[in-house]
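Colleague: Residue numbering for the sequence shown follows my numbering, starting at 1 and increasing by one per position.
Derived from the structure by calculation, the hints contain no laboratory data.
Calculated cross-link-like contacts (lysine to aspartate or glutamate; reagent style DMTMM-like; alpha-carbon spacing at most 25 Å):
{"hint": "1", "residue 1": "207", "residue 2": "192"}
{"hint": "2", "residue 1": "263", "residue 2": "34"}
{"hint": "3", "residue 1": "30", "residue 2": "54"}
{"hint": "4", "residue 1": "46", "residue 2": "62"}
{"hint": "5", "residue 1": "260", "residue 2": "25"}
{"hint": "6", "residue 1": "151", "residue 2": "82"}
{"hint": "7", "residue 1": "249", "residue 2": "208"}
{"hint": "8", "residue 1": "48", "residue 2": "68"}
{"hint": "9", "residue 1": "207", "residue 2": "241"}
{"hint": "10", "residue 1": "110", "residue 2": "140"}
{"hint": "11", "residue 1": "46", "residue 2": "253"}
{"hint": "12", "residue 1": "83", "residue 2": "140"}
{"hint": "13", "residue 1": "110", "residue 2": "62"}
{"hint": "14", "residue 1": "249", "residue 2": "191"}
{"hint": "15", "residue 1": "207", "residue 2": "253"}
{"hint": "16", "residue 1": "151", "residue 2": "161"}
{"hint": "17", "residue 1": "168", "residue 2": "88"}
{"hint": "18", "residue 1": "188", "residue 2": "219"}
{"hint": "19", "residue 1": "151", "residue 2": "69"}
{"hint": "20", "residue 1": "263", "residue 2": "233"}
{"hint": "21", "residue 1": "163", "residue 2": "139"}
{"hint": "22", "residue 1": "67", "residue 2": "54"}
{"hint": "23", "residue 1": "48", "residue 2": "81"}
Distance ranges between label pairs, derived from CB positions:
{"hint": "24", "residue 1": "142", "residue 2": "192", "range": "44 to 50 Å"}
{"hint": "25", "residue 1": "8", "residue 2": "172", "range": "18 to 24 Å"}
{"hint": "26", "residue 1": "8", "residue 2": "164", "range": "23 to 29 Å"}
{"hint": "27", "residue 1": "229", "residue 2": "69", "range": "38 to 44 Å"}
{"hint": "28", "residue 1": "255", "residue 2": "27", "range": "19 to 25 Å"}
{"hint": "29", "residue 1": "182", "residue 2": "234", "range": "25 to 31 Å"}
{"hint": "30", "residue 1": "19", "residue 2": "176", "range": "36 to 42 Å"}
Ideal placement from N, C-alpha and C gives every residue a C-beta, glycine not left out.
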Amino acid sequence: MVFQAPTGNLDVLTCYLLASISQDELRAFKAAFELGNFARFSPMLKIKIVRPPEDYIGQSHEYIRRKEDEAGRQRAFLILDDKAMENDAVWYISYFADDEPPEDQWAVSKEVLWKMLIRTDKLATVYVNYGISNTSLQEDLGNCGVEFPVKEGYEQPEVFDYKMDMHKVQYSQPTWVRAEPQEYELNKGGEEFGTYVAPPNTLARLKDGIAEESGVLNDWVTPYPAGPFRMPDGTKKEFPEGTMVLQLKLNPDFPWPPFKWPKGSL
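Please work from the sequences and hints to get the whole structure.
Modeller: See below:
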């Protein structure tokens, strides 16, 4: 079986369950998160769903943010309340405007809490985009009809949603496999890809059966020589001479193991 990089340690966000929901509703929420997180085969994030402390119940998001800060839990967290459940969404709670650099003029008050209601199946992608500075919460709020500078307790007219069918998006998730010489074949030349005719030995794909057992969708792609791979524990994994890296797509229909939720999560 070809080598695929193991999933590293994922960030874990706490999700406070403030809504009174049934087990079926909880399962539906978790399923939506797993779908958009590509959780079985290419997860980006973990969330730990927990009951809130007693004093959080019935309080504002601002109150909860301050209590989290006082407890030294300063990272972003999630809230699943009635409004979120009604919109198939979850609240992403960030930070107060007073934590911003002084040159930022997004808010009229330092008491503004940056938060956004996000469609549940888009949460993981949003989180990754923020992590790599692909976009920002403020930019995304602007796309939801929020006007700037915002006031304390601002309203969000629309739920943030990339408006993508995540069932279809699953089939476009890339993986970089390292295939040893006996696991791939080179093209013979003359294959047509639209107007392009491939010269011989310029493309590679996995041999019959290898892709299927590895959970990837096979295709002709440009191969690249594989060097050592640094494992999560810091060790280097070496590969035989002639091993190639092929960028393919993961197969969501493969019997991947179930996603493991963090210990203690509902």
